[in-house]
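Those sequence lines, one after another, are chains A and B. So the first sequence is numbered by this note's numbering: it starts at 1 and just counts up by one. So the second sequence is numbered by this note's numbering: it starts at 1 and just counts up by one.
Heads up, a few of these hints could be off.
Pair ranges (Cβ atoms, derived) [said to hold, decoys possible]:
hint, chain 1, residue 1, chain 2, residue 2, range
1, A, Ala163, B, Pro76, 39 to 49 Å
2, B, Asp52, A, Ala242, 48 to 58 Å
3, A, Pro285, B, Pro76, 27 to 37 Å
4, A, Ile34, B, Pro45, 15 to 25 Å
5, B, Asp52, A, Pro300, 27 to 37 Å
6, A, Arg119, B, Asp98, 33 to 43 Å
7, A, Pro300, B, Arg82, 53 to 63 Å
8, B, Asp13, A, Ala177, 34 to 44 Å
9, A, Ala251, B, Ile49, 35 to 45 Å
In silico DSBU-like cross-links for lysine-lysine, where the CA-CA straight-line distance does not exceed 30 Å [to be verified]:
hint, chain 1, residue 1, chain 2, residue 2
10, A, Lys104, A, Lys323
11, A, Lys4, B, Lys66
12, B, Lys44, B, Lys66
13, B, Lys30, B, Lys66
14, B, Lys70, B, Lys30
15, B, Lys30, A, Lys323
It is worth saying that the hints were derived from the structure and are not from the lab. Quick caveat, the model's predicted, so the values are computed rather than measured. Just so it is clear, CB atoms sit at the ideal spot from N, CA and C, and this is done for glycine as well.
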Amino acid sequence: MFDKGWTDGLPVVAPTEGRVQQMLSGTSRHPSEIVAVIPPRLIECTVEKVAINAVMAGCRPEYLPVVLTALEAVCTDDFNMHGVLATTMSVGPILVVSGPIVSKIDMNHSINVLGHGNRANSTIGRAVQLVIHNVGGGSPGGIDRATFGHMGKQGFCFAEDQAGSPWTSLSEERGFATNQNTVTAFTGEGPRLVMDQKSRSADSLTRTLAESLLGTVSSRVVMGMDAMLVLSPEHMARYADAGWNRSRFTAELSSHLVVDADTILVGSGDIEEGLPTDFAGLSLPKFRPGGLLVVHAGGPAGLFSAIIGGWINGPSGSEPVTKEITP
Amino acid sequence: MTDIVHSGLTVLDPTAEGHPAERELTLRHKTLTGLTVGLLDISKPRGNIFLDRVQEHLVELGVYVKRYAKPTFTKPAPVDLRHEIAITCDAVIEALAD
Chain A
1 MFDKGWTDGL PVVAPTEGRV QQMLSGTSRH PSEIVAVIPP RLIECTVEKV AINAVMAGCR
61 PEYLPVVLTA LEAVCTDDFN MHGVLATTMS VGPILVVSGP IVSKIDMNHS INVLGHGNRA
121 NSTIGRAVQL VIHNVGGGSP GGIDRATFGH MGKQGFCFAE DQAGSPWTSL SEERGFATNQ
181 NTVTAFTGEG PRLVMDQKSR SADSLTRTLA ESLLGTVSSR VVMGMDAMLV LSPEHMARYA
241 DAGWNRSRFT AELSSHLVVD ADTILVGSGD IEEGLPTDFA GLSLPKFRPG GLLVVHAGGP
301 AGLFSAIIGG WINGPSGSEP VTKEITP
Chain B
1 MTDIVHSGLT VLDPTAEGHP AERELTLRHK TLTGLTVGLL DISKPRGNIF LDRVQEHLVE
61 LGVYVKRYAK PTFTKPAPVD LRHEIAITCD AVIEALAD
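One chain only, chain A, in its complex shape:
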């Protein structure tokens, strides 16, 4: 199967008819139903084709509805999977699963949440990428022109820790109810750590997070690219102690995410990259309104959080897309 170009470079499970039939038992949707039009070749993809690739990725049948919904999300014009593939930037689809399905399919939202070791986390994103590769024809060196890429392009899917969060969830923030199962697709890089082991006040920790977020993608990029912040339980505890809710956190953080444009103009600091001089004298927000997605997840110990840098946002790039998972 590797020789046929069907894999992502790792071994896959052979998609025999029996295994594909078993995979299809995970959804009530008809095998011939069209799930999405898959870029870059814009091929109509059936539930059955998704099931074949899900078998190859190592999914269990109960994961299939998540894979189907994730594909629907990334194949929207808003998400712009074609551009996400074609860019030389090192980004790929990051999938965040929310709702009761997280515990039902035993997804990981805790220790090593952005890493390996959990079957659902490891295979759902992989199945999505295999469909893009096999059905859509989006492959590295072809339409995928990433200078570096990152290991998350093998498949990057994790769960939100809703039960352990004192805040409304990302899914609720994006308009869904707590008991709805959703997938949020975000275009992102690999994660990087933010360390703050000494702050005991919400204000101090917020300043640390802001300092690190200001450098996302480049300290000279403002408003044009989004980011995702994954707050760990020990960092979240600072906000719970202080009685900050999500709105308060967002407001306080935003107040520190302001850049003096003069410091990032073309030529400032003897650096040729930067904003046009028309922006001189302005104070600019690092992120557009709503351009920072905040998720609660991670192991119970560790005074760290994680930042996942984004890509070009808005209608000219990629918008985060959240969809409800249907059986």
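Since chain A is already given, all that's left is putting chain B on it; use the hints.
Frame of chain A; chain B shown alone:
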């Protein structure tokens, strides 16, 4: 659904199973002089600077130049834009830049 037997194991084809239509390349022009050439800016920074220089050279060669731009470099050129270029120009040069 295509079945593929490999090493005694029958597996289902995970691909689109389609075959792209093959088309012959349009005949190349022996000269551009007197022809209309479209310059398509994909809208990356400084693409206009590159295309300005290309335009200067083409005009010196007696080429009639028409300029176009994609709305964003992150998405394929809209069908209408491709159609307009196809019916208006004898050739097109697409510019990537940075």
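Now for the hints, and whether the structure bears them out:
Between Ala163 of chain A and Pro76 of chain B the CB atoms are about 42 Å apart, so this pair conforms to the stated range of 39 to 49 Å. Remark: the range hint 48 to 58 Å for Asp52 of chain B to Ala242 of chain A is upheld by a beta-carbon distance near 56 Å. At roughly 31 Å, the beta carbons of Pro285 of chain A and Pro76 of chain B sit within the given window of 27 to 37 Å. Checked against the hint of 15 to 25 Å, the C-beta distance between Ile34 of chain A and Pro45 of chain B comes to roughly 38 Å, which is inconsistent with it.
As the Cβ distance of Asp52 of chain B to Pro300 of chain A is approximately 59 Å, the hint placing it in 27 to 37 Å is violated. In this structure the hint that Arg119 of chain A and Asp98 of chain B lie 33 to 43 Å apart at CB holds, the actual value being about 41 Å. Against the hinted window of 53 to 63 Å, the Cβ-Cβ separation of Pro300 of chain A and Arg82 of chain B comes to about 54 Å, which satisfies the hint. Judged by the Cβ atoms, the range 34 to 44 Å given for Asp13 of chain B and Ala177 of chain A holds: they are separated by roughly 40 Å.
For Ala251 of chain A and Ile49 of chain B, the hinted distance range of 35 to 45 Å is satisfied, since their beta carbons lie about 41 Å from each other. Restraint check for Lys104 of chain A and Lys323 of chain A: satisfied, since their Cα atoms lie roughly 18 Å apart, inside the 30 Å limit. Taken as a hint, the Lys4 of chain A and Lys66 of chain B pair is broken in the structure, with Cα atoms around 44 Å apart against an allowance of 30 Å. For the suggested pair Lys44 of chain B and Lys66 of chain B, the alpha carbons sit about 18 Å apart, so the restraint of at most 30 Å is met.
This hinted pair checks out: Lys30 of chain B and Lys66 of chain B have alpha carbons roughly 20 Å apart, not beyond 30 Å. The straight-line distance between the Cα atoms of Lys70 of chain B and Lys30 of chain B is roughly 28 Å, inside the 30 Å bound, and the hint therefore holds. The hinted pair formed by Lys30 of chain B and Lys323 of chain A fails the criterion: a straight-line CA distance of about 53 Å is larger than 30 Å.
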